[in-house]
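Visitor: Please dock the two separately framed chains into a single complex, following the hints provided.
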Amino acid sequence: MRARALTRRSLLKTAAAGAASTLLPRRVAAQGTLASLAPEEPVDKTMQRLFGSRPIRDGAALIALELPLIAEDGGNVAMSVEVKSPMTPQSHVKAIYVLSDRNPRPLNAKFLLTPGSGQAYVATSLRLADTGDVRAVAEMQDGGLFIVKRSVRVVVAGCAI
Amino acid sequence: MSAIGEVKVRVFGSPARGSVARARALLIHPNERVERKGGKPVDRNYRFVNRVVVSYAGRDIAEFDTSTSIGENPSFGFAFRVTEPGTLKVTFFDTHGGRFERAVEVKSA
Chain A
0 MRARALTRRS
10 LLKTAAAGAA
20 STLLPRRVAA
30 QGTLASLAPE
40 EPVDKTMQRL
50 FGSRPIRDGA
60 ALIALELPLI
70 AEDGGNVAMS
80 VEVKSPMTPQ
90 SHVKAIYVLS
100 DRNPRPLNAK
110 FLLTPGSGQA
120 YVATSLRLAD
130 TGDVRAVAEM
140 QDGGLFIVKR
150 SVRVVVAGCA
160 I
Chain B
0 MSAIGEVKVR
10 VFGSPARGSV
20 ARARALLIHP
30 NERVERKGGK
40 PVDRNYRFVN
50 RVVVSYAGRD
60 IAEFDTSTSI
70 GENPSFGFAF
80 RVTEPGTLKV
90 TFFDTHGGRF
100 ERAVEVKSA
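Read top to bottom, the protein sequences are chains A and B.
Just so we're aligned: 79 in numbering that gives the first Met the number 0 is position 80 of the first sequence, and the numbers increase by one with no gaps anywhere.
Just so we're aligned: 107 in numbering that gives the first Met the number 0 is position 108 of the second sequence, and the numbers increase by one with no gaps anywhere.
This list has only true hints and no planted wrong ones.
Here are the computed lysine-lysine pairs in the DSSO-like style, where the Cα-Cα straight-line distance is at most 30 angstroms:
1. A:LYS148 <-> A:LYS109
2. B:LYS36 <-> A:LYS109
3. A:LYS109 <-> A:LYS93
4. B:LYS36 <-> A:LYS44
5. A:LYS83 <-> A:LYS148
6. B:LYS88 <-> A:LYS93
7. A:LYS83 <-> B:LYS7
8. B:LYS106 <-> A:LYS93
9. B:LYS39 <-> A:LYS148
10. A:LYS109 <-> A:LYS83
11. B:LYS88 <-> A:LYS83
12. B:LYS106 <-> A:LYS83
13. A:LYS148 <-> A:LYS44
14. A:LYS93 <-> B:LYS7
15. B:LYS39 <-> A:LYS44
16. B:LYS39 <-> A:LYS109
17. B:LYS88 <-> A:LYS109
18. B:LYS7 <-> A:LYS109
Don't read these hints as lab results, they were simulated from the structure.
With the rest of the complex left out, here is chain B (with noise of 0.2 angstroms):
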């Protein structure tokens, strides 16, 4: 079992610079669907990610808004131009104020 809060960032291939490369990121997290009682939803504060931001060479190129809607441990594929070797790094946000977060480095050819 992993611990809830780890992150994998996981780059496939290995990316020429200029080229666009392919990731996914995946976070270990409950990413509580809302329950119903006799149909109703249960009003309660709900823990779910609610925002993921992608950076890439220390700038933001995407950001992703999601809601109860995605699966449990939320995975997200993405694309990402490698202009230059740099950082890729993944942020989730939680409704609880989580924040979780990997980085790592693309070595382009």
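Here chain A stands alone, though its shape is the one from the complex (with noise of 0.2 angstroms):
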């Protein structure tokens, strides 16, 4: 009785851990089955998932997604946002979300950031299935949305992802 009581309580705890969004350290070591990646969907859906019915505005003057126009292995894409937006504790970019429309699971990564990182600015390398728009969606502290997209010609895929 005794284990199984533990059992239950240590798989309550990692379900807790999981559902928090913050900076600690979650305790659970992700697998990696399908499953437990996100849903092969159109890019539609997981926009659907992610920001529900709130409204998105259009970003073009606040937010800058470098992208090449071209990327002749898209198995590895150099990409940086960078949004224009004081890093306040009372103001400041909550997160940055990278969409590739065409990838069988569009999110990318999704960026949390927090006034000490003084400027919302991420960069890496992303893996493009085909060619398409690639997005950037920018959430404000307030709850507010912003999003930019860039059309990426894609020579050779980044094979299934």
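Guide: Here you go:
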């Protein structure tokens, strides 16, 4: 009985740790099985899953999304996002989402930032499955959402992703 | 060839105290992508980096939730405010319990 109670407790604990989206370290070593990955779905569905029916405004004046026009190798496409915003506790960019419209799992990455970031700037290299749009969504401290898109021509696909 | 699990962190320039600096962190890691057979994804436990935590002077300042659609040997550029001289630490976590980190001292002027 005792062993069972402990198991249940630890399960609840890990569930709680997984649910909390804080900067605290998660206790669970997440798995890489298909079931634990984001589902394969069209990008609109991912957008719906992430942002529901919240209004998303055009972020052209705020967000600089840098990508090559032509990506020779879809397996490694340099990308950077910079959002013009103060980074104070009262007003800052809370998160930057990067999505690739043509990837089976469109969400490439979610970057959570804090005022300690100083600047809402992130960069990485993406895998792109096909020619299409890459979008960056900035989520502000007050919950406001802004989006920009850039089209990238992929010469050699980043394969199944 | 670098070894799997090696982390490199580079801070650009010599940031003044109170300024915002940029840095880049790189991990040598296959960051496996999902395989397909006849169009169907193969169900196995893929090894990829799913989380990166950046801390400066003992405080977590950014966290990245990442996926198989980040390239092999994932690298991340980011900014941080140099509030005081301190240690910049970047920790990569993968789906197989791997934890790879590197700390660099930032000597602000």
